[in-house]
Amino acid sequence: MIYVRYRECLDYLYGLQRFGIKLGLDNIRTLLERLGHPDEALRCVHVAGTNGKGSVCATLAAICAAGGVRAGLYTSPHLHDFGERIRVDGAPLSEAEAVALTEEIRAVVGDLPVTFFEFTTAMALLHFARQGCALAILETGMGGRLDATNAVTPLLTVITPVDFDHSEYLGETLAKIAGEKGGIIKTQVPLILGQQPQEAQEVLSVLAQQRLAPLSRFGQEIIVNIGPQGCSVRVENETLGPLLPALAGAHQQENLALAVAAAVALRPHGFPFDEKSIRRGVETVRWPGRLERFSVASGEHLLDGAHNAAGARALAAWLEEHPHKVRWVVGMKGARLPEELLAPLRPHLVALYATAPPVEDAVAPSKIVDVAAKLDLPAQGFIDWREALACARAELDSDELLLVAGSLFLVAAVREVLLQEVGE
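According to this note's numbering, the sequence shown is numbered sequentially starting from 46.
These aren't lab readings, by the way, just hints derived from the structure by calculation. Worth double-checking, as some hints may not be accurate.
Said to hold, decoys possible - Using 30 Å as the maximum straight-line C-alpha spacing, the simulated DSS-like pairs for lysine-lysine come out as follows: (1) Lys370 x Lys412; (2) Lys419 x Lys370; (3) Lys231 x Lys412; (4) Lys221 x Lys370; (5) Lys231 x Lys221; (6) Lys321 x Lys378; (7) Lys378 x Lys412.
Based on the sequences and whatever the hints tell you, model everything.
Right, dumping it as structure tokens:
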């Protein structure tokens with residue numbers, strides 16, 4: 046019976062997407078007021094940026110678990126099940142909890158035209174408050190200034206590197222995008238800032254100065270040193286390490302450093318993050334679908350959530366360090382420009398298999414194939430991602446790597462196949 050109610054719950058929640066993406070804080074503030082302001086019972090860390098947000102959030106949550114701190118983690122999108130978006134101590138929201146929260150919040154929504162993300166943000170905050178979370182770690186959905194998560198007043202804000210993404214909503218220049226991301230900066234609330242392009246750095250530094258926000262910057266107040274025994278992070282005149290990152294990729298060194306800096310910045314608020322808990326957190330964190338490898342009968346598979354130019358560059362950097370001939374099963378969502386993903390990865394590719402991820406607004410495979418042709422890259426188009434995967438596997442040589450990237454929705458679909466094949 047709970048399964049039926051859960052499916053009805055998800056139908057209702059996904060049905061809210063008919064309101065589209067509507068940036069603004071009026072609805073979420075009204076909804077939180079009707080729910081008795083669960084946000085006011087929480088101490089929060091708020092994370093924005095273009096890439097790396099989820100990794101930073103997941104790493105900080107793992108540090109919390111290692112330090113015995115009960116933490117709520119709110120991220121999006123999910124890979125396999127809605128409950129992954131809202132976690133307490135690593136445990137995803139159960140079907141029964143999702144049903145109960147949806148029914149409770151739906152009863153107070155009334156005629157308020159809330160979006161899917163506004164509703165789920167309220168769900169997360171209410172759940173975390175009810176569960177007695179000592180810390181809530183919140184990832185923005187898009188932007189920051191008008192994102193529903195910006196209804197909270199956090200202990201700490203983190204902004205990961207800013208790059209071009211969602212320009213139709215956030216602006217066509219890095220300065221405009223940085224201004225939207227920087228909207229999470231609050232008066233006198235410390236800000237931890239990832240390495241930024243100069244244009245974004247200038248905007249974010251000015252916003253921090255205007256709001257008297259103490260600023261810690263990657264590459265200046267936060268330093269990573271990489272050695273044969275792992276990496277160390279220096280923050281506030283303290284060096285922590287060596288640390289052995291669980292997440293692969295050079296870009297994850299920066300994400301790790303931002304999470305470590307956040308943990309250190311939380312100490313004055315009573316959070317017991319010593320070097321042991323920080324080390325254990327960064328060494329045990331899991332963030333599926335990001336440079337995740339599977340070895341199965343058909344060959345080596347690499348899944349990665351890269352879906353924009355910055356993600357493609359990070360993926361290309363990993364392939365530089367781990368040379369392979371690559372066959373790429375690729376699908377993209379919405380307004381993505383295929384050339385932004387294909388160009389950085391072209392030197393590593395021997396063939397491309399373009400398909401549509403299982404979403405409504407997928408980029409046409411034919412459009413991706415056309416871009417591949419301009420790059421002199423052999424490519425085929427497939428309507429069904431299963432056919433693309435099967436063809437790539439059939440042509441995969443033993444010394445090659447089968448890459449799945451371009452959309453987390455495609456990564457999730459293929460990952461389910463791989464999990465079945467490895468018996469998980």
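Against the structure, the hints come out as follows:
no. : hint            : verdict
1   : Lys370 x Lys412 : 23 Å, holds
2   : Lys419 x Lys370 : 20 Å, holds
3   : Lys231 x Lys412 : 42 Å, violated
4   : Lys221 x Lys370 : 38 Å, violated
5   : Lys231 x Lys221 : 18 Å, holds
6   : Lys321 x Lys378 : 41 Å, violated
7   : Lys378 x Lys412 : 12 Å, holds
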